[in-house]
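Visitor: One-letter residues, chain by chain:
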Amino acid sequence: MSWVKNTFSSSVGRKFAMALSALFLMIFLLQHFTINFISVLSKDTFNEISHFMGTNALVQFVLQPVLIFAVVYHFVMGFVLEIKNRNAREVKYAMNKGSANSTWFSRNMIVSGAVVLAFLGLHFYDFWIPEINVKYVQGDMSGLLADGSFRYYEELVHKFVDPVRVGIYVVAFVLLSMHLLHGFASAFQSMGARHAKYTPAIKKLGNIYAIAIPAGFIFIALFHHLTSH
Amino acid sequence: MTKLDSKIPEGPLAEKWTKHKNNIRLVNPANKRLIDVIVVGTGLAGGSASATLAELGYNVKAFCYQDSPRRAHSIAAQGGINAAKNYQGDGDSIYRLFYDTVKGGDYRSREANVYRLAEVSTNIIDQCVAQGVPFARDYGGLLDNRSFGGVQVSRTFYAKGQTGQQLLLGCYSAMSRQIGKGKIKMYNRHEMLDLVIVNGKARGIIARNLVTGEIERHSAHAVVIASGGYGNVFFLSTNAMGSNVSASWKVHKKGAFFANPCFTQIHPTCIPQHGDQQSKLTLMSESLRNDGRIWVPKKKEDAEAIRAGKLDPTKIAEEDRDYYLERRYPSFGNLVPRDVASRAAKERCDAGYGVGTNETGEAVFLDFSSAIMRYGQEEANVKGLHDASQEQIRQMGEQVVEKKYGNLFQMYEKITADNPYKTPMKIYPAVHYTMGGVWVDYNLMTTIPGCYAIGEANFSDHGANRLGASALMQGLADGYFVLPYTIGDYLADDIRTGPIPTDTPEFDEAEKAVKDRIDFFVNNKGSKSVDHFHKRLGKVMWNKVGMARNEKGLKEAIEEIKEIREEFWKDVKVPGSPDGINQELEKAGRVADFLELGELFARDALLRNESCGGHFREEYSTEDGEAMRDDANFTYVSAWEYKGEPSEAVLHKEPLVYENIELKTRSYK
Amino acid sequence: MSANKGLNLTLKVWRQKSQKEKGQMETYQVSDISPDSSFLEMMDILNEQLIEEGKEPVAFDHDCREGICGSCSMYINGEAHGPGREITTCQLHMREFKNGDTIYIEPWRAKAFPVIKDLVVDRSAFDRIMAAGGFISVNTSGNTQDANAIPIEKANADKAFDAATCIGCGACVASCKNASAMLFVSAKVSQFALLPQGRVEAKERVRNMVKVMDEEGFGNCSNTGACEVECPKGISIENIARMNREYLNATLKGE
Ligand SMILES: Cc1cc2nc3c(=O)[nH]c(=O)nc-3n(C[C@H](O)[C@H](O)[C@H](O)COP(=O)(O)OP(=O)(O)OC[C@H]3O[C@@H](n4cnc5c(N)ncnc54)[C@H](O)[C@@H]3O)c2cc1C
Ligand code: HEM
Ligand code: FES
Chain R
1 MSWVKNTFSS SVGRKFAMAL SALFLMIFLL QHFTINFISV LSKDTFNEIS HFMGTNALVQ
61 FVLQPVLIFA VVYHFVMGFV LEIKNRNARE VKYAMNKGSA NSTWFSRNMI VSGAVVLAFL
121 GLHFYDFWIP EINVKYVQGD MSGLLADGSF RYYEELVHKF VDPVRVGIYV VAFVLLSMHL
181 LHGFASAFQS MGARHAKYTP AIKKLGNIYA IAIPAGFIFI ALFHHLTSH
Chain D
1 MTKLDSKIPE GPLAEKWTKH KNNIRLVNPA NKRLIDVIVV GTGLAGGSAS ATLAELGYNV
61 KAFCYQDSPR RAHSIAAQGG INAAKNYQGD GDSIYRLFYD TVKGGDYRSR EANVYRLAEV
121 STNIIDQCVA QGVPFARDYG GLLDNRSFGG VQVSRTFYAK GQTGQQLLLG CYSAMSRQIG
181 KGKIKMYNRH EMLDLVIVNG KARGIIARNL VTGEIERHSA HAVVIASGGY GNVFFLSTNA
241 MGSNVSASWK VHKKGAFFAN PCFTQIHPTC IPQHGDQQSK LTLMSESLRN DGRIWVPKKK
301 EDAEAIRAGK LDPTKIAEED RDYYLERRYP SFGNLVPRDV ASRAAKERCD AGYGVGTNET
361 GEAVFLDFSS AIMRYGQEEA NVKGLHDASQ EQIRQMGEQV VEKKYGNLFQ MYEKITADNP
421 YKTPMKIYPA VHYTMGGVWV DYNLMTTIPG CYAIGEANFS DHGANRLGAS ALMQGLADGY
481 FVLPYTIGDY LADDIRTGPI PTDTPEFDEA EKAVKDRIDF FVNNKGSKSV DHFHKRLGKV
541 MWNKVGMARN EKGLKEAIEE IKEIREEFWK DVKVPGSPDG INQELEKAGR VADFLELGEL
601 FARDALLRNE SCGGHFREEY STEDGEAMRD DANFTYVSAW EYKGEPSEAV LHKEPLVYEN
661 IELKTRSYK
Chain H
1 MSANKGLNLT LKVWRQKSQK EKGQMETYQV SDISPDSSFL EMMDILNEQL IEEGKEPVAF
61 DHDCREGICG SCSMYINGEA HGPGREITTC QLHMREFKNG DTIYIEPWRA KAFPVIKDLV
121 VDRSAFDRIM AAGGFISVNT SGNTQDANAI PIEKANADKA FDAATCIGCG ACVASCKNAS
181 AMLFVSAKVS QFALLPQGRV EAKERVRNMV KVMDEEGFGN CSNTGACEVE CPKGISIENI
241 ARMNREYLNA TLKGE
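Taken in sequence, the protein lines are chains R, D and H. At position 9 of the first sequence the residue is numbered 9 (our numbering), and the sequence of numbers has no breaks. At position 40 of the second sequence the residue is numbered 40 (our numbering), and the sequence of numbers has no breaks. At position 149 of the third sequence the residue is numbered 149 (our numbering), and the sequence of numbers has no breaks.
If you're looking for bench data, these hints aren't it; they were derived computationally from the structure. These numbers come from a predicted model, not from an experiment. Every residue, glycine too, gets a C-beta built ideally from N, C-alpha and C. A couple of the hints might just be wrong.
Here are the computed lysine-lysine pairs in the DSSO-like style, where the Cα-Cα straight-line distance is at most 30 Å [stated by the list, open to error]:
{"no.": "1", "chain 1": "R", "residue 1": "Lys92", "chain 2": "H", "residue 2": "Lys20"}
{"no.": "2", "chain 1": "H", "residue 1": "Lys22", "chain 2": "D", "residue 2": "Lys515"}
{"no.": "3", "chain 1": "D", "residue 1": "Lys201", "chain 2": "D", "residue 2": "Lys16"}
{"no.": "4", "chain 1": "R", "residue 1": "Lys84", "chain 2": "H", "residue 2": "Lys20"}
{"no.": "5", "chain 1": "H", "residue 1": "Lys17", "chain 2": "D", "residue 2": "Lys515"}
{"no.": "6", "chain 1": "H", "residue 1": "Lys17", "chain 2": "R", "residue 2": "Lys84"}
{"no.": "7", "chain 1": "H", "residue 1": "Lys55", "chain 2": "H", "residue 2": "Lys111"}
{"no.": "8", "chain 1": "H", "residue 1": "Lys111", "chain 2": "D", "residue 2": "Lys573"}
{"no.": "9", "chain 1": "H", "residue 1": "Lys17", "chain 2": "D", "residue 2": "Lys573"}
{"no.": "10", "chain 1": "D", "residue 1": "Lys299", "chain 2": "D", "residue 2": "Lys422"}
{"no.": "11", "chain 1": "D", "residue 1": "Lys315", "chain 2": "D", "residue 2": "Lys298"}
{"no.": "12", "chain 1": "D", "residue 1": "Lys32", "chain 2": "D", "residue 2": "Lys160"}
{"no.": "13", "chain 1": "D", "residue 1": "Lys403", "chain 2": "H", "residue 2": "Lys154"}
{"no.": "14", "chain 1": "H", "residue 1": "Lys253", "chain 2": "R", "residue 2": "Lys5"}
{"no.": "15", "chain 1": "D", "residue 1": "Lys539", "chain 2": "H", "residue 2": "Lys55"}
{"no.": "16", "chain 1": "R", "residue 1": "Lys5", "chain 2": "H", "residue 2": "Lys17"}
{"no.": "17", "chain 1": "H", "residue 1": "Lys211", "chain 2": "H", "residue 2": "Lys253"}
{"no.": "18", "chain 1": "D", "residue 1": "Lys21", "chain 2": "D", "residue 2": "Lys7"}
{"no.": "19", "chain 1": "D", "residue 1": "Lys21", "chain 2": "D", "residue 2": "Lys181"}
{"no.": "20", "chain 1": "H", "residue 1": "Lys211", "chain 2": "D", "residue 2": "Lys185"}
{"no.": "21", "chain 1": "D", "residue 1": "Lys315", "chain 2": "D", "residue 2": "Lys414"}
{"no.": "22", "chain 1": "D", "residue 1": "Lys552", "chain 2": "D", "residue 2": "Lys570"}
{"no.": "23", "chain 1": "H", "residue 1": "Lys22", "chain 2": "H", "residue 2": "Lys12"}
Derived DEER-like restraints, expressed as beta-carbon distance ranges [said to hold, decoys possible]:
{"no.": "24", "chain 1": "R", "residue 1": "Val111", "chain 2": "D", "residue 2": "Asn523", "range": "53 to 63 Å"}
{"no.": "25", "chain 1": "D", "residue 1": "Asn381", "chain 2": "R", "residue 2": "His195", "range": "31 to 41 Å"}
{"no.": "26", "chain 1": "D", "residue 1": "Arg25", "chain 2": "R", "residue 2": "Asn87", "range": "50 to 60 Å"}
{"no.": "27", "chain 1": "H", "residue 1": "Pro151", "chain 2": "D", "residue 2": "Pro29", "range": "27 to 37 Å"}
{"no.": "28", "chain 1": "R", "residue 1": "Ala196", "chain 2": "D", "residue 2": "Thr314", "range": "39 to 49 Å"}
{"no.": "29", "chain 1": "H", "residue 1": "Asp101", "chain 2": "D", "residue 2": "Thr665", "range": "31 to 41 Å"}
{"no.": "30", "chain 1": "R", "residue 1": "Val111", "chain 2": "D", "residue 2": "Thr314", "range": "53 to 63 Å"}
{"no.": "31", "chain 1": "D", "residue 1": "Gln88", "chain 2": "H", "residue 2": "Arg85", "range": "49 to 59 Å"}
{"no.": "32", "chain 1": "H", "residue 1": "Pro151", "chain 2": "R", "residue 2": "Ala196", "range": "16 to 26 Å"}
{"no.": "33", "chain 1": "H", "residue 1": "Asp101", "chain 2": "D", "residue 2": "Asn381", "range": "47 to 57 Å"}
{"no.": "34", "chain 1": "D", "residue 1": "Lys515", "chain 2": "H", "residue 2": "Gly54", "range": "40 to 50 Å"}
{"no.": "35", "chain 1": "D", "residue 1": "Lys515", "chain 2": "H", "residue 2": "Arg85", "range": "42 to 52 Å"}
Partial list, computed: chain H residues near chain D (C-beta under 8 Å) [as the list claims (entries may be wrong)]:
{"no.": "36", "residue": "Glu48"}
{"no.": "37", "residue": "Cys64"}
{"no.": "38", "residue": "Ser71"}
{"no.": "39", "residue": "Val120"}
{"no.": "40", "residue": "Ile136"}
Working from the sequences, and respecting the hints, build out all of it.
Guide: In structure tokens form, the structure reads like this:
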């Protein structure tokens with residue numbers, strides 16, 4: 001299997017792996033958004049889907065580890081590449097005009113990525129750790145509250161009461177949007193998917209995705225924040 | 001006195017090369033590994049030679065002064081490369097290419113060499129395509145051709161306006177492959193500063209590592225000079241800043257004869273000088289003359305007003321314009337050969353009709369307005385727009401012209417900030433190519449055994465004037481297909497020689513001479529920069545040894561160049577140290593050699609009492625200013641032997657024998 | 001040609017004696033520069049001035065001075081080859097600047113391109129990448145098949161040509177925030193990948209060239225696109241996508 005090692009330790013291979021992990025994250029994000037958005041429409045449907053996702057073996061034992069791997073790989077490799085890339089230029093320019101030839105987003109993926117990472121930390125702390133705790137430490141797979149109703153919706157809404165948390169949430173998603181404004185189309189380029197006809201469409205789709213999804217998450221947060229009182 | 005032996009094989013013209021190849025000695029592959037060859041230069045000639053020699057099995061050491069072989073000046077050639085492929089079925093053939101080249105060269109080249117060149121020209125295209133050179137193609141996927149000045153067929157292969165680049169990158173790729181295999185050892189940023197001769201044979205060179213400043217000894221069984229042309233003796237030319245005569249001059253000083261130094265091509269369509277701060281001139285492809293009309297005002301007042309920036313040339317009425325080429329040469333018009341077009345421009349400017357707004361006033365117009373309107377009208381007809389306005393026609397015409405010459409127009413605008421679609425271009429002739437160079441025999445060997453010269457560096461196959469798109473052909477022919485064969489004949493004697501040692505008195509002596517000269521430069525307490533002398537030399541060359549020469553001027557030039565040279569050696573100032581990059585030191589060495597060559601150049605021109613090709617002597621012209629060749633007395637190659645001062649150089653004549661072509665006067669009337 | 005008066009300028013130029021020594025920015029004044037002069041002619045004038053003052057002139061690479069050899073390589077006011085698009089330093093003219101401007105002039109900066117003096121860098125890493133696979137393995141015997149034996153679709157021939165116009169100047173590396181050489185390498189990979197003659201050893205070529213590129217210490221590509229904007233020949237990052245494709249095809253699929 002030395003070819004695997006060779007390929008994924010090469011510059012192009014790493015780009016490819018980075019893009020693959022990112023693609024997985026983007027699909028996950030879409031899925032995550034869809035489910036969260038249902039919380040705005042219907043409490044019950046949201047609860048049912050959440051319970052299904054939280055207890056389904058495929059999701060829990062296949063997709064979830066893959067997701068974790070993708071997230072970890074993506075940010076670890078993000079940092080690795082950043083360090084390597086910085087080392088490729090030891091002496092910096094006294095005068096550099098990056099804005100003349102590229103977007104701020106594209107040059108600062110590590111900044112937007114790091115903010116998203118910080119948020120992910122918080123997010124894990126908020127949702128994922130309690131989930132794991134309830135389900136696998138305490139062994140309560142029922143997904144029910146003491147009163148017999150599903151707990152998912154309540155927990156979700158509860159998190160958006162605090163305006164500070166909502167603020168953090170908004171900032172993180174604005175940066176995610178920036179991350180994706182470059183990242184979406186970039187991932188296709190990294191994988192070599194480029195075509196005179198389709199690339200402009202991918203770029204457009206990328207912009208829509210990069211703005212709509214984070215905006216959607218922000219909307220959900222604000223919605224619950226404003227309606228929960 | 002050495003007798004010149006051109007070693008032209010016996011037999012009918014068309015069979016000479018094949019027969020010669022069959023008869024010369026070969027070196028077997030196992031023995032080639034025991035033989036080293038030095039190639040100085042990595043342009044089309046040197047690059048192709050290095051690659052092929054390495055493929056054959058020789059150990060090649062290649063040198064160039066740039067930081068990579070890919071930057072040799074061949075990269076700048078725009079127009080194209082000729083080959084007698086007859087893909088267009090327009091009646092081209094090896095004979096016709098041969099004939100056109102000899103005639104274009106005004107009957108001052110060797111028949112046998114030119115025929116061989118035409119013969120191998122077809123292989124070049126096959127070879128380059130196999131190497132991945134992206135020549136222009138038509139919609140059927142086959143190779144496209146264009147036609148060039150002075151010929152009646154379409155035989156020029158091209159890659160947009162970057163043919164030289166693509167061909168050179170082809171050589172560079174082929175070299176890279178051998179560098180990767182270790183068969184070529186590449187010495188970038190190295191300048192050859194002397195040739196080393198051992199027992200009468202070329203056995204090595206002394207080179208300066210331009211990064212560390214170290215003086216290095218390199219030995220080999222043969223040395224190939226492929227260092228390009230010497231147009232920079234004029235200071236301003238279309239050559240690269242670093243193009244120089246030094247490598248050729250060094251071998252000349254060691255015994256190689258220098259042939260026809262005065263044969264220089266002055267290209268008619270270059271962007272005029274903008275002022276004294278100018279460092280080099282830029283060529284605009286000859287293809288522009290297909291559609292551009294050349295003119296100056298008929299009235300001197302108009303010319304003066306334009307020069308003063310007070311008159312817009314587009315405001316000058318048709319009847320007040322002098323389309324002097326069309327007037328003088330009705331049958332060829334704007335498409336006369338380069339030498340004729342250049343002289344005619346100079347004549348008008350000297351007479352006071354020049355339109356340059358720069359300090360020199362030297363420029364003529366190259367006007368596309370008629371072509372724009374003509375093409376526009378055609379477009380309008382094709383589109384069925386019968387009542388299109390003048391403005392619409394103009395716009396459509398501009399689009400057509402943009403498709404044909406867009407990149408050139410853009411280049412012009414970048415340099416001059418003038419929009420050539422709206423106002424006529426200004427052009428003026430500039431030094432472009434040197435037909436003269438190191439004398440070689442049919443095997444491309446100089447008069448020093450084991451020392452070869454190829455490409456623009458040799459005195460070449462172009463006689464007194466080179467046709468467009470032939471230099472690239474010659475460089476690659478020499479390097480890919482001629483030298484690799486002929487060198488074997490010489491090297492067959494060296495299979496038992498073993499490596500040439502460098503710790504011998506010959507190397508000691510050559511190295512000492514090089515070091516002494518460098519020490520002189522860096523220690524000289526002079527007051528003027530190298531460029532100061534180079535510019536002065538250039539002025540003399542341009543004014544007195546340029547497009548039109550006469551006895552008085554040439555004699556003055558010889559004296560003046562000598563004076564500049566003497567002053568140079570007293571007063572040149574080279575800052576910095578010799579250990580490490582020192583670009584002033586590099587220039588000093590090159591200009592020192594130009595100062596010697598310049599004088600020989602003028603002497604050669606003085607001696608040649610005729611006008612032929614690029615060499616025009618005012619005394620030898622008809623009443624209406626046309627060139628007068630003197631075949632009875634000058635059908636020879638002048639080959640100069642070094643004897644110390646340029647004034648002491650000894651002339652040897654190689655008579656040119658025409659058995660297959662009848663000598664005729666070139667007329668373009 | 002504009003008849004403006006000469007320009008007076010302040011230049012901040014990187015000076016470094018050799019690869020081993022440290023360098024620093026130095027400030028110089030030049031005056032009465034003709035707006036019609038090229039940038040390098042302005043540098044010539046600065047150098048004449050320095051020589052006159054008994055100082056060492058600024059070393060910089062240049063040769064053809066018409067935008068094709070790829071020698072010239074200055075980072076001017078924060079951009080490779082200065083302001084202006086699809087030009088090299090030698091094609092930049094002083095009319096782009098205003099009287100009184102301050103101009104920063106630095107060498108290409110990349111670990112793989114060490115500075116060897118002032119503005120001169122060592123770009124031989126590019127040559128080594130080329131030696132790893134930047135060719136088609138045919139001998140130059142001339143005994144190949146006829147040039148027209150294989151027709152090539154014009155669209156591909158044109159694309160191959162566009163990729164092949166790379167002048168190897170290194171502006172892509174200099175502009176890239178990661179000092180990545182992918183535009184350069186991909187241009188060569190693409191030229192050959194698009195031609196039937198080059199397809200034969202396409203897999204090996206891309207593997208070998210990428211390998212050496214990585215070993216030379218260039219950074220990775222982040223797809224910012226700065227390289228294609230600053231490239232004097234306008235070479236598109238479409239080529240990088242093609243190289244990625246070629247590479248993945250060569251390594252993941254294998255033979
Ligand atoms: C602007 C321009 C456009 C042209 N257009 C065309 C055209 O369209 N068609 C055509 O057929 N011809 C054209 N020509 C002419 C043609 O390009 C040249 O004649 C030809 O390329 C010369 O090739 P070469 O290999 O002999 O030398 P060059 O390409 O000049 O190479 C010289 C080599 O020698 C090296 N060198 C020189 N001196 C030394 C030294 N002392 N030590 C070590 N190395 C040294 C250099 O580094 C370089 O590698 C054009 C020329 C110019 C200037
Ligand atoms: C939901 C979370 C995330 C999504 C959807 C996402 C998406 C993307 C995408 C699509 C790309 C482009 C890939 C490519 O160019 O091939 C990308 C690149 C990048 N991401 Fe993320 N990302 C996320 C989180 C993160 C995090 C947490 C980091 C942490 C550091 C990060 C750092 C980076 C970096 C540095 C790059 C640029 C890599 C390069 O140089 O090409 N990302 N991301
Ligand atoms: S000097 Fe040749 S590209 Fe600028």
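Visitor: For the pair R/Val111 and D/Thr314, does the Cβ-Cβ distance stay inside 53 to 63 Å?
Guide: holds, 55 Å
Visitor: Take the C-alpha atoms of D/Lys315 and D/Lys298, compute the straight-line distance between them, and say whether it is at most 30 Å.
Guide: holds, 13 Å
Visitor: Is the Cα-Cα distance between H/Lys17 and R/Lys84 30 Å or less?
Guide: Roughly 28 Å between the alpha carbons, so the hint for H/Lys17 and R/Lys84 holds.
Visitor: Given the hinted pair D/Lys299 and D/Lys422, is their Cα-Cα distance within 30 Å?
Guide: holds, 22 Å
Visitor: Using the nearest Cβ pair, does H/Ser71 come within less than 8 Å of chain D?
Guide: Since the shortest Cβ distance to chain D is 5 Å, the answer is holds.
Visitor: Within 30 Å, alpha carbon to alpha carbon, are R/Lys5 and H/Lys17?
Guide: violated, 42 Å
Visitor: Can you verify the interface hint for H/Cys64: is its Cβ closer than 8 Å to any Cβ in chain D?
Guide: Cβ of H/Cys64 sits 5 Å from chain D, so the hint holds.
Visitor: For H/Lys17 and D/Lys573, compute the direct alpha-carbon distance and say whether it is at most 30 Å.
Guide: holds, 20 Å
Visitor: Confirm or reject the claim that H/Asp101 and D/Asn381 have a C-beta distance inside 47 to 57 Å.
Guide: holds, 51 Å
Visitor: Evaluate the given range 40 to 50 Å for the C-beta pair formed by D/Lys515 and H/Gly54.
Guide: Given a distance of about 24 Å, which is not inside 40 to 50 Å, the answer is violated.
Visitor: Measuring from beta carbon to beta carbon, are D/Arg25 and R/Asn87 in 50 to 60 Å?
Guide: holds, 56 Å
Visitor: Against the 30 Å threshold, does the CA-CA distance of D/Lys403 and H/Lys154 hold or violate the hint?
Guide: holds, 16 Å
Consistency note: the structure conflicts with the earlier hints numbered 8, 12, 16, 29, 31, 34.
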